[in-house]
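Required output: the full structure, derived from the provided sequences and hints.
Residue numbers (this note's numbering), protein chains in the order written: chain A, 863 to 1118; chain B, 159 to 460; chain C, 18 to 489.
Keep in mind the hints are simulated off the structure, nothing from the lab.
Among the hints, a few may not be true.
Listed below are the simulated BS3-like cross-link pairs for lysine-lysine, each with C-alpha atoms no more than 30 Å apart in a straight line [as the list claims (entries may be wrong)]:
| id | chain 1 | residue 1 | chain 2 | residue 2 |
| --- | --- | --- | --- | --- |
| 1 | A | Lys911 | C | Lys216 |
| 2 | C | Lys78 | A | Lys911 |
| 3 | C | Lys370 | A | Lys911 |
| 4 | C | Lys112 | A | Lys911 |
| 5 | C | Lys96 | A | Lys911 |
| 6 | B | Lys394 | A | Lys911 |
These figures come from a predicted structure and were not determined experimentally.
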Amino acid sequence: MTLLAIVLFPFLWMLQMSFRPNDDIMGYSVRFVPTMQNYLSLWTGNFPKSFANSVAVSSSSTVLSLLIGVPAAYALSRGRFRRRRAIAMWILATRMAPPIAFTIPFFLAYRYLHLIDTVAGLVIIYLTFNLALVIWMMQGFFNSVPRQLEEAAWIDGCTVWGTFRRIALPLAAPGLAATAVLCFILSWNDFFFALILTRTSAMTAPVAIVNFMQYEGWEWGKIAAAGTLVMLPVLVFTFLVRTYLVRGLTAGGLKE
Amino acid sequence: MAPIGKPAGWEAKRSQALALGLAPALVVLTVITLGPAVYLVVTSLTPLNLVNPQSALDFSHPLGNYRDALTDTRFLNSVWVQIELSVATVVLQIAAGLATALLLNAHSRFLEAIRTAFLIPMVLPPIVVAIIWKVIYTPDVSPVHRALAALGLPLASLIANADSAIWAIVVADSWEWFPFTMLMTLAALQMIPSEPIEAATIDGASRLQLFRYIVLPYIRPTLVVCALFRLIDSIKAFPLIYVLTNGGPGTATEVTNYYGFQQAFNFSYWGYGSAIATMMVAGVFMLSSIIGRLDQRLGDNA
Amino acid sequence: MRKPVDQSKTPCIADDQHKPHDSSLSLTRRRLLAGGAAAAVGGATAASGFPYISRARAADKPLSGTTLNVSCWSAPYPKYLADYIPEFEHATGAKVNYETPSFPIYNQRIDIELSTRGTAYDVLNITFIYAGRWIGAGWFEPLDGFINDPKKTPAEWDAGDFLGGTTATMKDSKGQLYGIPWIADVIMAGAARADLIHKAGKKMPDTFDEVTDVMKAVHNKDNVPGFIIDNHYGWTWIPWLQGFGGNVFRDPPGDLMPTLDTPEAIAAADFFANLLTSYGPNGVISYTYDQVVAALKQGRANYSPNNQTFLVQMGASDSKVASTCDFSLFPAGPKGRFPAVSTHAWGIPIGSKNKDAAWEFIKWAMSKELIARMVREKGYTSITRRSLIEQPDFRQKLMINGRDVARIYLDTVELGAKGYMKYRTVPVYPQVDKEIDIAIQNIASKQKSASDAMKQAQANSLTQLRRSGIKL
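See the structure below:
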């Protein structure tokens, strides 16, 4: 539909810019000889390393958040805790705080702990949004898993975490996948934390693009190419889990 | 939930086991959220400035930063700009999201495929979105500007003009986030029971009436939740401002988050930056609890 | 590795100069060349930097295994340097991670890094408006130890060769040196389409009034806006402020009372903002320095009172205005002529873990040979080594369209030594710099009158000074 075309136009324009040869970067004509020059020129310098950093940080953060968050979500879903509401509010609260509220204390603390410019440092601070996301979303998914099967297993003498592993988890697997992807995407896309907390060794791809932000004609192609590369994993993942994405986002968004 | 025949104390054991699963998460959350929160507030009571590290322990004027902020014209201006930006983008996003959702609300594979494509702006890394819009807003390279110029309608640079700069940001931000509203509204639309609609249509209601009296009440809660989420997230707007305007022209697009960032990370005014951050968090909390209460009251009266 | 030799002295080796990356010379040949050239030239210019390394530590690559992280903002010199870095890496075995982000991004990231005394970088640029802050806080390593140690720095490297005015700003109050200056940038005036000025019967303006006059005459002729300048107003506006008789602080470095709301300051702000709005291109207040250079080179704007290092690029081979550009001394205001001078220097952050290797890099990057090559091969002319400036072919190189730019440059450096640049050695100048940026933007975008904007800048600057703990 035309609406789609209009909406996606900005995105598509950048995409085509990344393939344009340097001198024609601002050209009008739709017919131009596409070139991989911009992408190739990215491969020197720091960009590949920052890309690898992004992969490392996003994957580690996803895995860590899932490890800590999924059992917690299950416990909240199945248990009767008095403070359940308080915990839910707490989680919502962490989502509300603006990034500088976190970065200032983390930055000052990381100075002493020598965690500045480390992958580990980023992974830890990413927990602030990923953990909350995992708990919030997985709780919703576990809630929609019927309890009868688990109850049957408990009666038969299975342990709580045994049933978790054998029954609840497999049933919630699609939700788990969606949550994992969302974690990855959020970590990948982060700009502010990485901008402040990384320098050279742990710089991630979004921050590396900023180093190209200069005006001269040829750099636009490089910027466009870098931007395209940075968004590619995200787009691929989104496409793979698109059905679950809708369910996941809305399950997490609407109140329980 | 204690069926006959279960051993006593079984519930307690189960609760214990579950609590064990919850514990690590709680510990981690405490360390990474409460700890920094406390540290933030404590730092906001000092004039900490890294050029002078001893100032970390200077509690002689604990409310100094706060008093400073209340008389700081740039800070007050940033709050006003923030309000403008937040209100504008939330309204625009809800409108655009709602419109798109209505258009896509039908069960066809084609439309479902398109729905995925509409997600793109939302999942793009925000810095990439900022770059895309930087290209669009820079007159020399922008296809839009040049097309307009070719048509004889030359447009002045939007981000260099104080009045339009904030709208430029609003448009870019709404473009980025309207899919969120669209998704949620779509889900809500698809949960509306069909009988009322059928009944009303048989009675001869127009589409507008259908929308106003049946659809809207059903999706109102969703819209409110959307608005709330988007309002809170709009306070975090950063990459767009960083790349497009740097808070300018003048301070026309300097929102509170950005001003705090400059004070803390450009000039090392950690104490003052902490005070700004604390006030922002407090502000957001108050705002969301007010909205939550308003919504409840409206819901009660509905 | 190619043996860098001063071309004018040994023309027979000249051909070697034009194979930039031929590093296949064997060790003995290298040694022979080093010895021979040294003898021929008398050691004056040839034997420092590289050859020193190769002579002293023969076959092994002295820095192999070391990784150096170097960063500088994207000025012409650092960008040219990037092309020579592979030679350094090959000769020393070091790996160099080199980045050149834009000016505001560089300053923000490096300021926050330095404040942590971090280890992420080994060689950094000391930006002129931050020099007072960074050196004063003790965030850079004093270099006297490196310079005075003959084992680390041979005498031929000639540390005294740098223009006095440039090293002065990189010293602390005790006279310790912290940075090796790679540029002495001066503000002068340039016109991309001087032909339009001549066609209107005018010449390059020499006073503020003449500027307005010329602008009125050439604005939009041939579709070229008359005026352009980048939006770092805390740097580009100050010469106008002082030309009107105003100043940033009352009497730096002792009396730091800002004087941004004096009648002179308001008049200067009004005048300057008017130049921007009446004669500047569409959206000029969002133009950064690299945008301005691009615009000038493509002839999309005419007159610019700008950094020499940017203006001379109009004469480059890829510039569309190479044959129509012209230059002049910065114009004089009613109260005198005060073109700004700035210095940027290479320094070693105090947290670096590779300080000796870092010093090797700085020595190489600022060696006479490398700078001479840069002048020759890249046409780079904003240099700080007196011995190179005084060479006749350098003056020749800076003759663009018959204008002796080197003369303008030297005259301006002399003017700058008179002391009116003290405002930028003040450690809190970056904050005031930002307030000035905001004020001029406000005036040029018609959000505030000159008087209101400057009064606000004054008030905000006072706040910032107080926040830094300065008692006025």
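Results of checking the hints against the structure:
no.	hint	result
1	Lys911/A to Lys216/C	violated, 54 Å
2	Lys78/C to Lys911/A	holds, 25 Å
3	Lys370/C to Lys911/A	holds, 21 Å
4	Lys112/C to Lys911/A	holds, 14 Å
5	Lys96/C to Lys911/A	holds, 21 Å
6	Lys394/B to Lys911/A	holds, 28 Å
Violated hint: 1 only; the structure is consistent with all others.
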